[in-house]
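2 protein chains.
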Amino acid sequence: MDKKRIYLFGNGSAEGSAELKNLLGGKGAGLAEMARIGVPVPPGFTITTETCIEYYTLGKNKIKELLTQGVIDSIKFIEEATDKKFGDRENPLLVSVRSGARVSMPGMMDTVLNLGINDKAVEGLALKTGNSRFAWDSYRRFIQMYGDVVMGVKAEKGEIDPFEAEIEAIKEKKGVKLDTDLDTEDLKELVERFKKVVKDRTGKEFPTDPWDQLWGAIMAVFDSWNNERAIAYRRIHEIPDDWGTAVNVVAMVFGNMGNHSATGVAFTRDAATGEKRFNGEYLINAQGEDVVAGIRTPLQITKADSIAWAKANNVSEEERESKYPSLEEYMPEVFKELFNVQHKLEQHYRDMQDIEFTIEEERLWLLQTRTGKRTGAAMVKIALDMLDEGIINEKEAVLRVDPNKLNELLHPVFDKEAIKKAKVLTKGLPASPGAATGQVVFFADEAKEWAEDGKKVILVRIETSPEDIEGMNAAQGILTSRGGMTSHAAVVARGMGKCAVVGAGDMEIDYDKREFKVGNILMKEGEWISLNGSTGEVYLGKIDTIDPEIGGYFGRLMELADKYRRLQVRTNAETPRDAKVARKFGAQGIGLARTEHMFFEGERIMHMREMILADTEEKRREALEKLLPYQMADFEAIFEVMEGLPVTVRLLDPPLHEFLPHDEDAQQEVAEEMGVSVDVIKEKVEELKEMNPMLGHRGCRLGNTYPEITEMQVRAILGAALNLKGKGIKAIPEIMVPLVGEAKELELQKSIIEKSAEKVFEEYGDKIDYLIGTMIEIPRAALTADEVAKYAEFFSFGTNDLTQMTYGYSRDDVSKFLPKYKELGILEHDPFQVLDQRGVGQLVEIGTKKGRSVKPNLKVGICGEHGGEPSSVEFCHRVGMNYVSCSPFRVPIARLAAAQANIKYGVEVEA
Amino acid sequence: MDKKRIYLFGNGSAEGSAELKNLLGGKGAGLAEMARIGVPVPPGFTITTETCIEYYTLGKNKIKELLTQGVIDSIKFIEEATDKKFGDRENPLLVSVRSGARVSMPGMMDTVLNLGINDKAVEGLALKTGNSRFAWDSYRRFIQMYGDVVMGVKAEKGEIDPFEAEIEAIKEKKGVKLDTDLDTEDLKELVERFKKVVKDRTGKEFPTDPWDQLWGAIMAVFDSWNNERAIAYRRIHEIPDDWGTAVNVVAMVFGNMGNHSATGVAFTRDAATGEKRFNGEYLINAQGEDVVAGIRTPLQITKADSIAWAKANNVSEEERESKYPSLEEYMPEVFKELFNVQHKLEQHYRDMQDIEFTIEEERLWLLQTRTGKRTGAAMVKIALDMLDEGIINEKEAVLRVDPNKLNELLHPVFDKEAIKKAKVLTKGLPASPGAATGQVVFFADEAKEWAEDGKKVILVRIETSPEDIEGMNAAQGILTSRGGMTSHAAVVARGMGKCAVVGAGDMEIDYDKREFKVGNILMKEGEWISLNGSTGEVYLGKIDTIDPEIGGYFGRLMELADKYRRLQVRTNAETPRDAKVARKFGAQGIGLARTEHMFFEGERIMHMREMILADTEEKRREALEKLLPYQMADFEAIFEVMEGLPVTVRLLDPPLHEFLPHDEDAQQEVAEEMGVSVDVIKEKVEELKEMNPMLGHRGCRLGNTYPEITEMQVRAILGAALNLKGKGIKAIPEIMVPLVGEAKELELQKSIIEKSAEKVFEEYGDKIDYLIGTMIEIPRAALTADEVAKYAEFFSFGTNDLTQMTYGYSRDDVSKFLPKYKELGILEHDPFQVLDQRGVGQLVEIGTKKGRSVKPNLKVGICGEHGGEPSSVEFCHRVGMNYVSCSPFRVPIARLAAAQANIKYGVEVEA
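Line by line, the protein sequences are chains L and Z.
The first sequence lines up with residues 103 to 1013 when you count with my numbering.
The second sequence lines up with residues 103 to 1013 when you count with my numbering.
Calculated directly from the structure, the hints in this document are not laboratory data.
Check each hint, because a few of them may be wrong.
Identical copies go unnamed one by one, so any copy, or any two together, can satisfy a pair.
To be verified - With a straight-line Cα cutoff of 25 Å, these simulated BS3-like cross-link-like pairs (lysine-lysine) come out: (1) 861 <-> 259; (2) 626 <-> 786; (3) 518 <-> 922; (4) 298 <-> 892; (5) 784 <-> 615; (6) 665 <-> 178; (7) 829 <-> 682; (8) 829 <-> 869; (9) 276 <-> 786; (10) 522 <-> 952; (11) 857 <-> 922; (12) 279 <-> 298; (13) 852 <-> 728; (14) 869 <-> 615; (15) 857 <-> 259; (16) 852 <-> 276; (17) 869 <-> 827.
Quick caveat: nothing in here was measured; it's all calculated off a predicted structure.
With the sequences and hints as input, model every part of the structure.
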């Protein structure tokens, strides 16, 4: 028997179903599924994806031969189901033709609508709709669409679209400005002109026979599978060439056939709040695009919504009933059917649906149903409500929430109405989510002062440095013109949960003049701007923000997530404030407490500089002695907040020159404060200068060449822990050595740490348990992890630096080519945001495996920015890590992502 | 039967042999071997390394019990063989006790000499030597040595050595300055004082019984296996703890027992020239240390040498015969025996030997024989002579030459006599071998001017940059205060075969004052300094240099090497001059022609800057159009020199800011030349500035964001090749894309290259074969090499950058901690000199394997600096590379190293 190449649907049944997605494509399978469960969809048929592949081996003629009888039969099926006739002058059947692969592929053929229209059928359409202008407008649109998509009439380079040129010409002739000013006669003329354009450009007559039109469109869909855009898209998204595309031919239905017709969109639940409330909008005597275009005021579907709408818009009940009736009132029977259909769809798909429908002469047709987009809050509520309603189970509820969407529940957002009117000034990278509005200031100290005066400020900098931290904290948000997703500004802002947009390269900042320019727009200090840290958009002026409400639903979701996850979630925090926030969000310890920020405040930086300027070990020790009490106090405060939970403290990491001032004025100032000549400072700055500081004298290279720094830090960490022990508070310190690339580096650091620990224990007459471990952030450390593990009790993958070195990208400079690389499709994601599993991930796997080959129970975690990114968390779960660590505001995201990973990969829940 | 713990040797036989090295240690096995083949060595015995390990499990008492009878018997054996008696007043037997592991281990116990001496035996020694001062001096030395090494009498921190303190005290008492001013009575007093020191410090009497002394020394050797230094040494050199050390107890023999005694050193061949000529020096009535100390004029061993010596020193034949007789004349019988022994040793060990001997009362004793050190020239000659003599075979001859020593044959060296008197000013890294002397200049243009005036100059810079190239070329040598083995100065100098010392961190250079300081020493422009590029030493003043002579031996060696190697050897060269040199040295193609240097000379840099300053693609193309003819001419010149051999051209690699001037004056100058405001230049410099240029916008990131650069270079490369084809000259271009980290980067570059190539071929109406490949220099490229290989016809490992990124070391900044890391034993080698096989090498292996998993015949090479380093070449051979590429002057080294690798790893010779 011949292979089945065509699947029918409509009239309450279907030959296909959702399960045949590979064969029918996503769209075809969806239509079939709806038809199958008794939802009224316009009848139609799907030509299989396999036929597309056959097309490429057998050729056009052979395929047409194989399909002809089936297509004729299928059109007959549609004709019968709709009681219309293909190409008929009285009651013409028009169809749409669409491509549809297994996955949505924007690179392929667009839709062709109204196929079947011609000089005869247009009359029938005019008659049925009572609107000849609409009929002719549909006709000329069809020629334009078909001419472009199927016949390949495109503008040459530098030319305007030839069809648009004709429209312009006719408008000029008539002396009108808008397309809508053209009347039926004009449109008739346009149809003739368009046909001529096609003839001139292609040498072929525009096909007026509906069957010719149909075959042309079907072949065009097959051809589109291998057009340049589609091939490029497949390559980027790694879609196999042999999947092929299906062709969907569906009867057109018209919501604009008069006052008994309508069209609309609806949601089975409230997409903003998640409430279980059928809702939506519709328009009488209108086409789908009219709803989207927003020219006419859409009406509410339910009576309740309609009344609420009237109230909000000061419309009287009388006026509402007459001019703005709900569908519930206007067509009660159709409404009832629609209500049942939406319920059926939601029950069937087991999720909130976003549906499109058309009512043609009081007959309801569903055109599409899909999972509805929703806010973060709605996402959480719907998942839990559906769990309670018994529609889904716990695991499904956990999987239903996009972890990234939780951000919306944790950060302020812009007022919805206000943002609609806002003007975008520029765009940067969405470095830290949330919304912020404030007055522009350029200096950290001034940000602090203005904030103390009760002003809201946005700190605008080329880049930020550790000296700016207090100003960043005082600001509502941070905006920089340079730097990537892991630049200082981005990392610190995320840690603070503060809105930030970074690397907005269009901005030219002039600190001297206290202003910045974007193109011609000049912004001065004190002017208002607003930032969307979730999208990277920067707006002109003040825009109101709304604080998030974290309700019980959020808490319930987190509990569920914790039930199903295996990975521990820690936080990256180095202040008691951040630690508190993170603990509140459920952090199970600190995975990374950087110690360098602790050297910047007030007096400390002076002692730090004293240490750096010291020319003997003795003098260095003196300066370090002065730093000790500060560090110890800092650690005590953090350990206290994290009582009973582990705290991983990373030893000093950045190159020493970061602590010295680089501009002349500041150098002069420091020289005076320290009582040395400015030349001493300059010489030191010069001496410490590095071509590539990222790859320079930092991390354990410092601790090994100046062991006294490590010694001081160990004294501070363990001293702090012992002080707390005295007060009955349990600290669990884990000392982490940064930037190890060779096992011997760790071996040496370990011996320094252990010797210092012995001294502290002796001094206190008491001991405390602690661990020694290392960052794995240098490719060589991952490659030689079996050697490194001999000296480590834990590994923490520092995937920020590991990404820098594995890719050879400086995160400070990457903005120079990364945007272009994403545009070119060379990179799918910014690898500093989403862990590169194919490259960097290999090193993570190698490192984990080799480490555990020596120590099977080696504790392994991640403390790069990726620790809070869902797909990266999933990866960490898969490679068998013990924990991820991320910035405080990402802790809930990581908890959820960890649970999802565990559910997806079927690992059993512990205990 | 009991386990054999002691092995005797002497009296013309031995229980052990060279094969028992693991059991007897290197020293013990060597002595046994000499005895075994009938060479007269002082009798003695070796306690096995296994006994040392037993010592650690069984303890001191048990071991002594197990050894006692054997030691007694062995001493008796020595007594009989020497006709002396242990502890005897008349004719005392003294012995030395030494540790000796499988490999030489400086961390262990030093030698104890003269053991067995005491208040009685000292008298016998005085009697036998006729020198009571010597006898008592030997005694006090023994107490000092034994007190320190065996009994642990050491100076406390801050204290001077307690024995030395006594010497000082007695000298003060006597009012003399030198140790040699002390007479026998003083020495007797010193012996008493020393014994008191031991008693005071250890609470124990100094052992006067020879047997107590012996047991103490044996146990001390065992203990020394686990002293801190030895453990540290083992850890660094990865020597297993359970190897243990042997103990060697050997009869002392004295060359100072009167005029019938003597001592000396000799070589079986001439260590300087390699001539087959027995030679050496000796002293009558002297100890070994006297020869080394150089106070007395040593005499020649052969008569011929003695006559030559006399001539050179204006000594008459009469005077020579009486005062400076040769051993051949002075003791003809002993000489004859020695001559036979040296011949036997050379034949036995099959290599030139360096021997130590002592004649005690006309009886010859060999104390040591080892493979003699020799100059590079001698190494080559000896290997080939021995091949001709039938002593070794071809493979052995190839293996006998240390490839690094070939440097001496290729570069100038200092005059031997002159260098002895030279004063070292400072030390840097030995960046490029050879010797150079010249006057200090600080600026490249001045170096050129001075050189044109016929002066010899050394260019002294903090760092060099591409602008300095002409000055570097004009100078005799280059000295920098900053940068590592792969800094610009180092790489360029090696390419030129020019002597260079880099990263001499002690130097403070002041360009303004045209001077530099090292500590208190001030050197001004025009003063003379000299550089040894092979050691890194910088000397004060002018030192004559001698040019190398490359003789027929060198050529024969290279022929032999080529016969046995499998790896191809190419060169890194980008000028016709370098290419010519390399071809002369046997390069089989160019593995890396950098193109960036081609943009610096004269006019070109202007056009390059025009290109960089262009703000539209169009303007960029205009500027590139101007650069095209220059590039094309450059390529033509190189292709012509390399006719018939492949030339790998790397597309533009460095970040664009390297081509812009960074200081204000130069910016002003450029602005004027280009007719733009200086602000334009400054802004561009600011815009292009990068925090970590090494990880920035460079390599194929440039070629992908500015494809027009790639297009121009491809036009130049293929156009040049086609121009030559027209002249009948065959060019074989290979286009290499730098800095690929993601396969899609190469895919895009490949498509740009191919499209440009099509255009060129169309333009010329002719085609040429060429390859497209990529550098593998980013860790991610190695990790994803299976993807990258899809688009590559060859891989070339850029191990300079790969090392930078795998270790996270910036080669420009590594001098800040690398020396300290080597000192601490964290790194054994500078990984930029010697390929790190454990880390970076893993990526090379992964990359090669994954690449070939997709393309089994993928051509793989290396073009990092490691391509000319012997151990790295061996590694490249082992991982199955097709070729190595190195700087021209390293080509012979690589050829030899490649042959040695092939011989060692037993791969068959091709064809």
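Hints versus structure:
Taking the shortest Cα distances, residue 861 and residue 259 sit within 25 Å of each other only across copies (20 Å), while inside one copy they are farther apart (77 Å). For the identical chains of this complex, residue 626 and residue 786 are inter-copy neighbours only, at 24 Å across copies versus 37 Å inside a copy, given an alpha-carbon limit of 25 Å. In this homomeric assembly, residue 518 and residue 922 never come within 25 Å of each other (Cα to Cα): the closest approach is 31 Å inside a single copy and 60 Å across copies. Proximity of residue 298 and residue 892 under a CA criterion of 25 Å is satisfied in neither setting, with 80 Å inside one chain copy and 48 Å between copies.
Proximity of residue 784 to residue 615 under the C-alpha cut-off of 25 Å is restricted to the inter-copy arrangement: shortest distance 18 Å between copies versus 27 Å within a copy. Within a single copy, residue 665 and residue 178 get their C-alpha atoms no closer than 56 Å, and across copies no closer than 82 Å, so neither meets the 25 Å cut-off. Within a single copy, residue 829 and residue 682 get their C-alpha atoms as close as 20 Å, which meets the 25 Å cut-off; across copies the closest is 78 Å, which misses it. When the C-alpha separation of residue 829 and residue 869 is checked against a cutoff of 25 Å, the pair qualifies only within one copy, where the shortest distance is 14 Å, while the shortest distance between copies is 84 Å.
In this assembly of identical chains, residue 276 and residue 786 lie within 25 Å of each other by CA distance neither inside one copy nor across copies; the values are 78 Å within and 52 Å between. Taking the shortest Cα distances, residue 522 and residue 952 never come within 25 Å of each other, neither inside one copy (54 Å) nor across copies (52 Å). With identical chains, the CA atoms of residue 857 and residue 922 are at most 25 Å apart between copies only, with a shortest distance of 21 Å across copies and 51 Å within one. For a Cα distance limit of 25 Å, the shortest separation of residue 279 from residue 298 inside one copy, 23 Å, qualifies, whereas the shortest one across copies, 119 Å, does not.
Taking the shortest alpha-carbon separations for residue 852 and residue 728, only the intra-copy value of 24 Å comes in at or below 25 Å, while the best inter-copy value is 59 Å. When the C-alpha separation of residue 869 and residue 615 is checked against a cutoff of 25 Å, the pair qualifies neither within a copy, at 57 Å, nor between copies, at 59 Å. With identical chains, the CA atoms of residue 857 and residue 259 are at most 25 Å apart between copies only, with a shortest distance of 20 Å across copies and 74 Å within one. In the homo-oligomer, the alpha carbons of residue 852 and residue 276 never lie at most 25 Å apart, since the shortest distance is 87 Å inside one protomer and 53 Å across protomers.
For the homomeric pair residue 869 and residue 827, the shortest alpha-carbon distance inside one copy (9 Å) is at most 25 Å, but the shortest distance between copies (80 Å) is not.
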